[in-house]
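**Q** Chain by chain, the residues run as shown.
6 protein chains.
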Amino acid sequence: MRITAHRKAHFNAAHRLYRADWDDAKNMQIFGKCSNPNFHGHNYDLTVSVSGEIDPETGFLIDLKILKDIIKAEVEDYLDHKNLNLEVPEFKTLNPTAENIAVVIHQKIKAVLDPKFDLEITLYETPRNFVTYKGE
Amino acid sequence: MRITAHRKAHFNAAHRLYRADWDDAKNMQIFGKCSNPNFHGHNYDLTVSVSGEIDPETGFLIDLKILKDIIKAEVEDYLDHKNLNLEVPEFKTLNPTAENIAVVIHQKIKAVLDPKFDLEITLYETPRNFVTYKGE
Amino acid sequence: MRITAHRKAHFNAAHRLYRADWDDAKNMQIFGKCSNPNFHGHNYDLTVSVSGEIDPETGFLIDLKILKDIIKAEVEDYLDHKNLNLEVPEFKTLNPTAENIAVVIHQKIKAVLDPKFDLEITLYETPRNFVTYKGE
Amino acid sequence: MRITAHRKAHFNAAHRLYRADWDDAKNMQIFGKCSNPNFHGHNYDLTVSVSGEIDPETGFLIDLKILKDIIKAEVEDYLDHKNLNLEVPEFKTLNPTAENIAVVIHQKIKAVLDPKFDLEITLYETPRNFVTYKGE
Amino acid sequence: MRITAHRKAHFNAAHRLYRADWDDAKNMQIFGKCSNPNFHGHNYDLTVSVSGEIDPETGFLIDLKILKDIIKAEVEDYLDHKNLNLEVPEFKTLNPTAENIAVVIHQKIKAVLDPKFDLEITLYETPRNFVTYKGE
Amino acid sequence: MRITAHRKAHFNAAHRLYRADWDDAKNMQIFGKCSNPNFHGHNYDLTVSVSGEIDPETGFLIDLKILKDIIKAEVEDYLDHKNLNLEVPEFKTLNPTAENIAVVIHQKIKAVLDPKFDLEITLYETPRNFVTYKGE
Chain Z
8 MRITAHRKAH FNAAHRLYRA DWDDAKNMQI FGKCSNPNFH GHNYDLTVSV SGEIDPETGF
68 LIDLKILKDI IKAEVEDYLD HKNLNLEVPE FKTLNPTAEN IAVVIHQKIK AVLDPKFDLE
128 ITLYETPRNF VTYKGE
Chain A
8 MRITAHRKAH FNAAHRLYRA DWDDAKNMQI FGKCSNPNFH GHNYDLTVSV SGEIDPETGF
68 LIDLKILKDI IKAEVEDYLD HKNLNLEVPE FKTLNPTAEN IAVVIHQKIK AVLDPKFDLE
128 ITLYETPRNF VTYKGE
Chain X
8 MRITAHRKAH FNAAHRLYRA DWDDAKNMQI FGKCSNPNFH GHNYDLTVSV SGEIDPETGF
68 LIDLKILKDI IKAEVEDYLD HKNLNLEVPE FKTLNPTAEN IAVVIHQKIK AVLDPKFDLE
128 ITLYETPRNF VTYKGE
Chain D
8 MRITAHRKAH FNAAHRLYRA DWDDAKNMQI FGKCSNPNFH GHNYDLTVSV SGEIDPETGF
68 LIDLKILKDI IKAEVEDYLD HKNLNLEVPE FKTLNPTAEN IAVVIHQKIK AVLDPKFDLE
128 ITLYETPRNF VTYKGE
Chain C
8 MRITAHRKAH FNAAHRLYRA DWDDAKNMQI FGKCSNPNFH GHNYDLTVSV SGEIDPETGF
68 LIDLKILKDI IKAEVEDYLD HKNLNLEVPE FKTLNPTAEN IAVVIHQKIK AVLDPKFDLE
128 ITLYETPRNF VTYKGE
Chain P
8 MRITAHRKAH FNAAHRLYRA DWDDAKNMQI FGKCSNPNFH GHNYDLTVSV SGEIDPETGF
68 LIDLKILKDI IKAEVEDYLD HKNLNLEVPE FKTLNPTAEN IAVVIHQKIK AVLDPKFDLE
128 ITLYETPRNF VTYKGE
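Protein chains in written order, with the working numbering: chain Z, 8 to 143; chain A, 8 to 143; chain X, 8 to 143; chain D, 8 to 143; chain C, 8 to 143; chain P, 8 to 143.
Certain hints may be false.
All copies of an identical chain are treated as equivalent in the list; a pair is satisfied when it fits inside any one copy or across any two copies.
Derived DMTMM-like pairs: lysine to aspartate or glutamate, alpha-carbon spacing no greater than 20 Å straight-line [unchecked claim]:
no., residue 1, residue 2
1, K123, E60
2, K141, D62
3, K33, E64
4, K15, D87
Source of the hints: derived by calculation from the structure; they are not laboratory data.
When you get a sec, could you build the whole thing from the sequences and use the hints?
**A** Here's what the structure looks like:
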């Protein structure tokens, strides 16, 4: 029986939308106030969705303690209270849009999650804007 | 890398569930108090979900300003603070159920959205009743 | 020991903001699109807050079944799926703003609630606009 | 035109995670504090999602009164204010994890729902942990 | 400058509404299905509200780490995943209504909080039923 | 008839908790990771609550368009997508804690609001931490 288990988490971070190979004027033209050189920030709300077969022995898809520990190590400890552009290696060369942050979170969790599971990431940048990424 | 970007919006409107080719008694029998001839109304909450490939230049699926402008023109300006039955052409002959409103919103946004994107509409008629439509 | 018990409820209704002694032009000037003569509508979310002493015998401030029945009779049955201007006697002569709807709900519940309790009404007209009325 | 209509519901229940063929020590080792022999409990939030073709006569996928009655009979009356382990036959031999509760709810609704519809169950055990089951 | 700082928390527990000096029939008559002898349960959502003067040195009312530690020790560790009637001393003789649980939480936090602060407890038993207690 | 009308708004910003007269080590000791010199950020949710008498002519406490314009000019345009420490004059010398941000928002709105109204500010720094300030 195939099921999906979802776990919510969150982190706070500063960022700016920005390409280093564009000057500030072009960054401002394309990214607007999101490109403020002094940064702005968000409370990011995250849903991590893991799909697979229910383990008939426990009735779990996955032990949620394992999933919580993965989210803490790979996402919360890595991104919370950080400046994404300055302090997170992936975003030194990658623009920290919600799309790209979701891709990075997917890659980091996928790397340590049992490969029998499928993984989907939902990331809210604000309560009204969010993205979903399945690694496809 | 295929991703979905979601944008929430809302509008308020009056409506009644009603077929002009049925009399009030039959409308009331089928649609109950939702068929009140004096209308009732809702705060409709909308999620517009657009799917496609991340643009490697910007890190965006779609510039959200473009999506916000489409939602404003095609949905908010068209439906907000309106009487759906009396003032919205599509619902002169189509019963304004949540299902049909979602279909109309999908058609209106699809008509102006870059055709490379897939589109899904989620429409909350109340906090407990909502519908999802993908145009399939 | 003085405590407040809160109970949430909701109803859907159509209305327009409007004074009968003003013409449509003046109504539109003062009330904007909320004065659309064809009506618009809302999902109203309501919190009824009752304050008093905990009954030491039951540990309740008030039996919630009693409070639910009062809210059903005085608010939900009276306002749900109605056109406030056309079908609710109080609003034949009173503009159905959120403020005035909260006052009417307070008066109707207060009239049947045990007078030993204080009463506060919180009414959401939209998720972003709401009012609080204590009957003072 | 294929659409999904969603209806939210909820129920409160006590449970413990537990296998009768394991002793308390092993249950505690695998299920942690969720295995407390004196039980703990949750407010379960449920979304029932039904998919199919819009009925062109009514504009409905399904009459929501029918769906509400099914949810009341099959879920709320069956599970609300119950001890899942002691009072619900399915969980005498099945561990009442969120995954298994979702499967049971799916089976019970599927058995009485018009077979032309597809069905998906989303069950929140807490605001941060939830599961989705499609019966696949 | 007087301000209130609020911190949200939650815990899950089983309980039954019940007086030991009444028989089951009377408990059922007064408390209904909430008196199920096999218990039921809730996700309790808690807001702890502390009022006082802003510390001009830090700009804090209270260091939130101190408040989080108090809530963890006095509420979460004490009540989470417990059977309130069987495992929490205060409720051996006190009916665990939302009102009484709020009073107990208020007393336990007040006992360890700096006495210069005022304290208010808001406790949600379900998303629609909640109580507020100020210790007055 | 005295009533309170509430209007929600939000803004995103970067900040760090920090006193310029303390070195980084002391800032880090007192403010922890909130003192990250590279900044972090939040989605701030704001509720502006205005109290006074209902205007019998309109049925409004205050025209919400006026209140929305004040919030836009004094809060959203002033704080949204900003670095509070570097770009907002009040926080050059004042630590941008939630408490102090609420005080600054209160002062700015109070300065332009009709003095017949009382004003309360509720500011969410995260979904679980928020403050309330009445200007007392």
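**Q** Does each hint fit the structure? Answer for all of them.
**A** Here's how the hints hold up against the structure:
1. Within a single copy, K123 and E60 get their C-alpha atoms as close as 9 Å, which meets the 20 Å cut-off; across copies the closest is 25 Å, which misses it.
2. Only between protomers do K141 and D62 lie at most 20 Å apart by alpha-carbon distance; the minimum there is 17 Å, versus 23 Å within a single protomer.
3. Taking the closest pair of Cα atoms, K33 and E64 come within 20 Å of each other only across two copies (13 Å); inside a single copy the shortest separation is 57 Å, beyond that limit.
4. For a Cα distance limit of 20 Å, the shortest separation of K15 from D87 qualifies both inside one copy, at 14 Å, and across copies, at 19 Å.
The structure meets every hint from the earlier list without exception.
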